[in-house]
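**Student:** Going line by line, the protein sequences match chains A and B.
Numbers 1 to 400, taken from my numbering, label the letters of the first sequence in order.
Numbers 1001 to 1285, taken from my numbering, label the letters of the second sequence in order.
Don't take every hint at face value.
[Claimed, not checked] Not the full set, but computed from the structure, chain A residues with beta-carbon under 8 angstroms of chain B: (1) 7; (2) 16; (3) 17; (4) 44; (5) 51; (6) 52; (7) 55; (8) 78; (9) 116; (10) 143.
FYI, nobody ran anything at the bench for these hints, they're computed from the structure.
Think of the CB as a built atom: it goes at the ideal place given N, C-alpha and C, for glycine as much as any other residue.
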Amino acid sequence: MTEPSPPRLDLEALGIDRGGDLLVRRALRGIAPGTDLRIAGSHPDLLIHLRVLCRAAGHEVRVKDDEIVVRRGTAVDAPRRGAVRAGKADPRSADAVVDAPSPRWGLAARGALVEAGAPAFHRPLSSKDEIWADDAAHLYAQAAANQWDPATAIPWAMPFELPDEVEDAVVQIMTYLIENETAALLVPARFVAQIHPHFREVMQLLAIQAADEARHIEVFTRRALLRRKELGLSTAGGQASLQTLVDEPDFALASFLLSVLGEGTFLSLLWFLHEHAPDPVTRDVVRLAAQDEARHVSFGLAHLGRHLSVEPSLFGRLALAVERRHDTLRNTAGLNQEVWDGLVLLAAGSFRPSDIARGHDAVLALSQEMEDKRARRLERLGFEGAQARALSQLHTKNFM
Amino acid sequence: MSTILLGAVAYDPKVVTIWDGFRVFFAKHGLDFDYVLFSNYERQVLAHLSGHVHVAWNSPLAWLQTERAAKACGRRAEAIAMRDTDCDLTSVVVARSETIRTLADLRGKRVAVGAKDSPQATLIPLEYFAAAGLVPGRDFEVVYNDVLVGKHGDHIGGERDAARALAAGTVDAACLLDANHLAFSRDGTLPASSRTVAQTRPYDHCNFTVLDDAPRDLIGRFRELLFSMHYDDAEVRPLMDLEGLKAWRNGRTEGYADLAASIDRFGTIVPFLEHAASEISSARP
Ligand SMILES: [Fe+2]
Ligand SMILES: [Fe+2]
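Taking the hints into account, I'd like the entire structure generated from these sequences.
**Tutor:** In structure tokens, the structure reads:
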């Protein structure tokens, strides 16, 4: 009885140094450890290089009857032995996103087969309950589809004439918007670096959110400088309010203060500015920003809603955060007076007393709308009516 | 239990990572292991002979230096373990010109080698030439690429310079470790037109060396733990990858025969042995 002869790989003239190693690895994958592969080829250094390759990979090489024979070792399989699947790539499949991904999954793609022995990456945000939203993939797709190019989305060159004081008001409002957008960029940017990459969709969403804010900063700056060489006033009270936001170390609290309360309030402000914009450029920059903000608010509501459903004690912490921030800001000036005046002027359209009265009423109505909508969002999260209203009233007078 | 102290040569920054990793591994298994780094093998061999370290991670040349210096004072050295990848290495002689097809064609030519103390790129290939009847320096010119002498060719720089010299046409042939020949063929350091004109017999590379007065229990435990390392174990695999092995093997010394013939022929370590003899005798009370 004769043994069946081992499989044979013909490399022809191909050298190990030019990709022959790939074919050898492929052929060896196809045979069992401890069994042989015959290798033929005409490259002059074939045997020399095969010996180097196999020495490093733990295979044996011998020459038998003028033929090169490689006996497959087991070391090449080691990285796959004991490797684990890091969840599943598609977030819709069951168990795709686990509650507590291993730090050793590190930066591996969710769903990848992760070799054991990788170093641990300790991410502060690595619990699903803290950050996950089932909507994240959908919101990210929406954000990616709605990215706009500041150079072409806004009619920068469209002619318009504004009285000096109206232009001044626009520049002041833009100056105020820019610092608020900066806070809105820094908060997600800080937390995205803390997230376990297993929560890929949330990571992507926060990244694109930061990119949205980068664009908002750009277009507001560009609008402010369209007719002027200098920006307006940044007040101590405004910055004090933003500092309490930027310094908040807890993701849930920061996201609550920024996205649900701050950006929620900004939605009303931006649509107000859209309605009363004195020129086409202002009208478009605030409209495009408002569209983005709506997504930021949606994500805040989505992940906090999920978080609250699994951890009801978070209600108390969120309420406390609003109260604490209110106490901290109690003795600050609140909204920049010049911004307030600017909003009145834009809504009034002129300095005629009767117009100013109308403008003033419109800004008061805006404040009321902001407060009502904040309360409604708080109710959507599950706060009961009276508390929702009370917390809404404690929100910073700086809007963000 | 007391500390087992290893000596190793710092030929690359990764050496620190490697031995720190071994320290953690041995500590986890209850062996108090520490290491001392030397900038060159000669200093390490002297330190070993003077009893400053218990075990030395030696190049093949450092093994022979230790073995012979030990013998000169009536002592005995032993190679207790080596990597699977230390076994059966070869070196090749590469040329470019169509007219150079055998070693004999290199008569009167210029041949690039590695550092003058490199077993793989200098000492073993030159022995191979000499055994074939071509006396280095007389029958052909030897062009040394002395990168980091004292590190016994562990650093790849000397061989890369030899390959570059061949590519630049300033030499007619270059001597390289087989693995570096593959690496330099892959990355284009060697021109596609180069050809291998000769290959040495297989020889062995590094080993863990101990002397006859080493603490037996400690060495026994050290060896036992080394051999307990399995490439399948994810905890030690990164360390084994870094050190470049899949399995530890028993030490064997037959694979140093060609290197021994080389240093006998060229008298390579005679000055070192004289120096060692005076150092060691003056160190003894
Ligand atoms: Fe924004
Ligand atoms: Fe935003």
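**Student:** A separate judgement is required for each hint: does it hold in the structure or not?
**Tutor:** Here is what the structure says about each hint:
no. : hint : verdict
1   : 7    : violated, 23 angstroms
2   : 16   : holds, 6 angstroms
3   : 17   : holds, 4 angstroms
4   : 44   : holds, 6 angstroms
5   : 51   : holds, 7 angstroms
6   : 52   : holds, 5 angstroms
7   : 55   : holds, 6 angstroms
8   : 78   : holds, 5 angstroms
9   : 116  : holds, 3 angstroms
10  : 143  : violated, 38 angstroms
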